[in-house]
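There are 2 protein chains.
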Amino acid sequence: MKIYKIPEATVMRLSVYSRFLHQLIDEGVATVSSGDIAKGVGVSSAQVRKDLAYFGEFGTRGVGYRVDELYGHLMKILGLDQTWNIVLIGAGKLGSALALYQGFAERGFHISTILDVDPARIGTKLGNVEVEPLEVLQDRVKENNIRVGVVTVPASAAQDVTDRLVQAGIKAILNFSPRILKVPNSVILRNVDLSVNLEVLSFNLALNR
Amino acid sequence: MKIYKIPEATVMRLSVYSRFLHQLIDEGVATVSSGDIAKGVGVSSAQVRKDLAYFGEFGTRGVGYRVDELYGHLMKILGLDQTWNIVLIGAGKLGSALALYQGFAERGFHISTILDVDPARIGTKLGNVEVEPLEVLQDRVKENNIRVGVVTVPASAAQDVTDRLVQAGIKAILNFSPRILKVPNSVILRNVDLSVNLEVLSFNLALNR
DNA sequence: CCATTTTTGTGAAATAGTTCGCAATTATAA
DNA sequence: TTATAATTGCGAACTATTTCACAAAAATGG
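If you're matching them up, the sequences are chains L and U in order.
Take -18 as the starting number for the first sequence in my numbering and just add one per residue.
Take -18 as the starting number for the second sequence in my numbering and just add one per residue.
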């Protein structure tokens, strides 16, 4: 079986398409064209078709796509036809916000374990999940078959926490700390640096001074 | 004057380089090579040099870059040689977390105004900033010379809030709601969709099933 | 002062990603 | 039935980005 490398930008767009399709389902729309999707999410129709073409033929020429069908395909492709248990490390401001963020639950991401080292936070509850000490990491990962970790600790603790996640067998890490993390090749790492996003804005604003 | 289009990926990397350089300054390192930077942030040294080449010649052949000097250049390029006042709309979980996030302040982003429509939130304080009603938007933007807005309201309210920001003269918007927003061409828009990031992870995990 | 080493800056080559253009397919209307 | 319109899927062309490779410049050590 030939493996094509899928551009990350394509994957991100698929995620956006899927959300748009969900909106259409709510509105009772039955079929949609690549042009409609394009208009709805702000890309070109050729882009939409190309993105989908990586994964198969989902449409009918002259007609378009059946909304529910395409939505199902996208959710499957994105691995969202299942629930993912997640461990979140760092129950500070950002960690708490993420733990309580409805957007994750809606897409099948279940933060089943929240860990911290601060005794003041351990034992408190975020939603219906109790904050536990970092030491139980390995156990919880095994018990709940957790493959994804979210890091929301201060930069100074980020690499240590990451090493522990790797050690515990975590396969993918979403890092919110502004620190470059080292992980083995077998572990998928994504960085969400909130400041970087503001800095792209300030760069562009500063250009036209 | 010829204007080169700078790839957005380049701008994001400059932001990462600048943080790495700050780390070096703290460690008392005086000079650094493109290879060192590359190693530190996980890109190729050619990439580092190419990125910098868009903006000038900052190094010395055979030697490398003076850390403090390069840092200064990058901060200037990124528009971080000034403080940016920011209005944040939506004082929910995520909004509160961002309002209190130290990472913004450290980079010169000052959330000077926080607005919401929920009477229960209005009048409360996040750090030393009081949550005010949405109606004062226009006044605060003028008073504080605010050019950047951060949207952390639910998807259903996002477009309305965005229209108001545009109306009030905001020039750049960082959108955390999972909604595709329409803005005039003159306004810079960036989307930070937290779920999209997790979905890229689940896509990659689901690939090797 | 010259040979050697280091490391930048940059044109050229390679790779990756997007847009174009159109044949193929389906639906619709005459 | 047949012409017309809509819209996909996809190869080809185009554009953008990254990597390569090396001359040029600076430092170092004999």
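Please note that the accuracy of each hint is not assured.
Since copy identity is lost for identical chains, a pair holds within one copy or between any two.
Said to hold, decoys possible - Here are the simulated DSSO-like pairs of lysine-lysine, each with C-alpha atoms no more than 27 angstroms apart in a straight line: (1) K31 x K152; (2) K74 x K106; (3) K57 x K123; (4) K163 x K31; (5) K31 x K(-14).
The set of hints was computed from the structure by calculation and includes no laboratory data.
Hints and how they fare:
no.: 1; hint: K31 x K152; result: neither (29 angstroms within a copy, 33 angstroms between copies)
no.: 2; hint: K74 x K106; result: both (13 angstroms within a copy, 15 angstroms between copies)
no.: 3; hint: K57 x K123; result: within (25 angstroms within a copy, 48 angstroms between copies)
no.: 4; hint: K163 x K31; result: between (33 angstroms within a copy, 24 angstroms between copies)
no.: 5; hint: K31 x K(-14); result: both (13 angstroms within a copy, 25 angstroms between copies)
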